[in-house]
Amino acid sequence: MSDISPEEWTAILLSVRVAVIATLISTPIGIGVAWLLARRDFWGKPIIDAIIYLPLVLPPVVTGYLLLLLLGKRGLLGAWLAEHLGIVFAFRWTGAALACGVMSFPLLVRPIRLSIEAVDRRLEQASSTLGASPWKVFATVTLPLALPGVLAGMVLGFAKAIGEFGATITFVSNIPGETQTISSAIYSLIQTPDGDAAASRLVMISIGIAVLALIASEWFARRATQRLHGN
Numbered sequence: 001m002s003d004i005s006p007e008e009w010t011a012i013l014l015s016v017r018v019a020v021i022a023t024l025i026s027t028p029i030g031i032g033v034a035w036l037l038a039r040r041d042f043w044g045k046p047i048i049d050a051i052i053y054l055p056l057v058l059p060p061v062v063t064g065y066l067l068l069l070l071l072g073k074r075g076l077l078g079a080w081l082a083e084h085l086g087i088v089f090a091f092r093w094t095g096a097a098l099a100c101g102v103m104s105f106p107l108l109v110r111p112i113r114l115s116i117e118a119v120d121r122r123l124e125q126a127s128s129t130l131g132a133s134p135w136k137v138f139a140t141v142t143l144p145l146a147l148p149g150v151l152a153g154m155v156l157g158f159a160k161a162i163g164e165f166g167a168t169i170t171f172v173s174n175i176p177g178e179t180q181t182i183s184s185a186i187y188s189l190i191q192t193p194d195g196d197a198a199a200s201r202l203v204m205i206s207i208g209i210a211v212l213a214l215i216a217s218e219w220f221a222r223r224a225t226q227r228l229h230g231n
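Letter by letter, the sequence shown follows residues 1 to 231 of full-length UniProt numbering.
Since the hints were derived computationally from the structure, they do not count as laboratory data.
Check the hints yourself; a few may be wrong.
Lysine to any residue pairs mimicking SDA-like chemistry, simulated, CA-CA at most 25 Å apart [as the list claims (entries may be wrong)]:
(1) K73 with E178
(2) K136 with A118
(3) K45 with I29
(4) K45 with V57
(5) K136 with Q125
(6) K45 with V137
(7) K73 with T170
(8) K45 with R92
(9) K45 with L66
(10) K136 with I29
(11) K136 with V119
(12) K45 with P106
(13) K73 with S173
(14) K73 with T94
(15) K45 with T170
(16) K45 with W35
(17) K73 with H84
(18) K136 with R121
(19) K136 with R223
(20) K45 with Q125
(21) K73 with I87
(22) K136 with E117
(23) K45 with E178
(24) K45 with P28
(25) K45 with L56
(26) K136 with D120
(27) K45 with E124
(28) K45 with L58
(29) K136 with L147
(30) K73 with R92
(31) K136 with L24
(32) K73 with V61
(33) K45 with L114
(34) K136 with R122
(35) K73 with G86
Generate coordinates for the entire structure from the input sequences, incorporating the hints supplied.
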């Protein structure tokens, strides 16, 4: 750890900040979307489902380019945001958080949806029968029972955001100190003479974060299963 340079630490800390912000912003939206897909049937549901999981099958560069067309300084929505609200995402660390949030969103939603689907609806109906409003049923019954799935989704989303590269570098480029995350720093280092040692350190850190995230996600998934079966 003592061999890590200030530039590498900057990339690591920026990656963590981007991943945390992306996860915290995506989670409430993901819970709402997961509940909608798990508990409601409506026209166009397969289309919404496909759009949500589209970033998993699209090349990340395509997703990043679409974000650039939509939210770039001259994009369909980005130009209006920049002119009227002063909000700019392209080539900013906030844009990196947005790109990471979009790419990690499907991995966040999936465990939450499965957890909500596994909740016994009779418990929700009993709470409604006792006079609880739909929001209270969700807050006091559905969400607590689905909490392990929510945590598992957050962990997976965080891990994906930490490792995101294609969409991020396409949308916000690779600017040291501003948008250069661990992945883009590794990309720069492997193209630099004598950059192998630094790249190897960042690779090991990335692997360590990913392994810890997968272990945590599996633990939360097991907890969800045990809780639902009363073990």
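Hint-by-hint comparison with the structure:
1. Simply put, K73 and E178 have alpha-carbon atoms about 17 Å apart, close enough for the 25 Å limit, and the pair holds.
2. For the given pair, K136 sits about 19 Å from A118 by alpha-carbon distance, which is consistent with the 25 Å threshold.
3. Between K45 and I29, the direct Cα distance comes to roughly 17 Å. Compliance with the 25 Å bound is thereby established for this hinted pair.
4. Proposed proximity of K45 and V57 is supported: the alpha carbons are some 19 Å apart, at most 25 Å.
5. Our distance criterion of 25 Å between C-alpha atoms is met by K136 and Q125, whose separation comes to about 12 Å.
6. At roughly 23 Å between alpha-carbon atoms, K45 and V137 fall within 25 Å of each other, so this suggested pair holds.
7. In summary, the hint linking K73 to T170 is supported, as the alpha carbons are separated by about 14 Å, within the 25 Å threshold.
8. Distance hint between K45 and R92 is unfulfilled; the C-alpha atoms sit about 34 Å from each other, more than 25 Å.
9. Between K45 and L66, the direct Cα distance comes to roughly 23 Å. Compliance with the 25 Å bound is thereby established for this hinted pair.
10. With a C-alpha separation of about 18 Å, the suggested pairing of K136 with I29 holds against the 25 Å cut-off.
11. For the suggested pair K136 and V119, the alpha carbons sit about 15 Å apart, so the restraint of at most 25 Å is met.
12. Taken as a hint, the K45 and P106 pair is honoured in the structure, with Cα atoms around 15 Å apart against an allowance of 25 Å.
13. About 14 Å separates the Cα atoms of K73 and S173, which keeps this hinted pair within 25 Å; it holds.
14. Between K73 and T94 the CA atoms are separated by roughly 14 Å; this keeps the pair inside 25 Å, and the hint holds.
15. With a CA separation close to 30 Å, the supplied pair K45 and T170 exceeds the 25 Å bound.
16. Straight-line distance between C-alpha atoms of K45 and W35 comes to about 13 Å, which keeps the hinted pair within the 25 Å bound.
17. In summary, the hint linking K73 to H84 is supported, as the alpha carbons are separated by about 12 Å, within the 25 Å threshold.
18. Distance restraint check for K136 and R121: the Cα-Cα separation of roughly 14 Å lies within the 25 Å cut-off, and the hinted pair is therefore satisfied.
19. Only pairs whose Cα atoms come within 25 Å are accepted, and K136 paired with R223 is accepted, the gap being roughly 24 Å.
20. Restraint check for K45 and Q125: the C-alpha separation of about 24 Å stays at or below 25 Å, so the hint holds.
21. For the proposed pair K73 and I87, the alpha carbon gap of about 9 Å is at most 25 Å, so the pair holds.
22. A threshold of 25 Å between alpha carbons decides the hint, and for K136 with E117 the separation of about 18 Å falls inside it, so the pair holds.
23. Distance hint between K45 and E178 is unfulfilled; the C-alpha atoms sit about 38 Å from each other, more than 25 Å.
24. A C-alpha spacing of about 20 Å is found between K45 and P28, which places the hinted pair at or below 25 Å, so the restraint holds.
25. This hinted pair checks out: K45 and L56 have alpha carbons roughly 18 Å apart, not beyond 25 Å.
26. Between K136 and D120 the CA atoms are separated by roughly 16 Å; this keeps the pair inside 25 Å, and the hint holds.
27. Restraint check: the Cα-Cα separation between K45 and E124 comes to about 23 Å, which is no more than 25 Å; the hinted pair holds.
28. For the suggested pair K45 and L58, the alpha carbons sit about 20 Å apart, so the restraint of at most 25 Å is met.
29. Between K136 and L147, the direct Cα distance comes to roughly 15 Å. Compliance with the 25 Å bound is thereby established for this hinted pair.
30. Restraint check for K73 and R92: satisfied, since their Cα atoms lie roughly 11 Å apart, inside the 25 Å limit.
31. Taking the CA atoms of K136 and L24, the gap is near 22 Å; set against the 25 Å cutoff, the hint holds.
32. The hinted pair formed by K73 and V61 meets the criterion: a straight-line CA distance of about 18 Å does not exceed 25 Å.
33. Between K45 and L114, the direct Cα distance comes to roughly 16 Å. Compliance with the 25 Å bound is thereby established for this hinted pair.
34. Between K136 and R122, the direct Cα distance comes to roughly 15 Å. Compliance with the 25 Å bound is thereby established for this hinted pair.
35. Note on K73 and G86: the hinted pairing holds, with a Cα-Cα distance of about 10 Å set against a maximum of 25 Å.
Of the numbered hints given earlier, the model fails hints 8, 15 and 23; all others are met.
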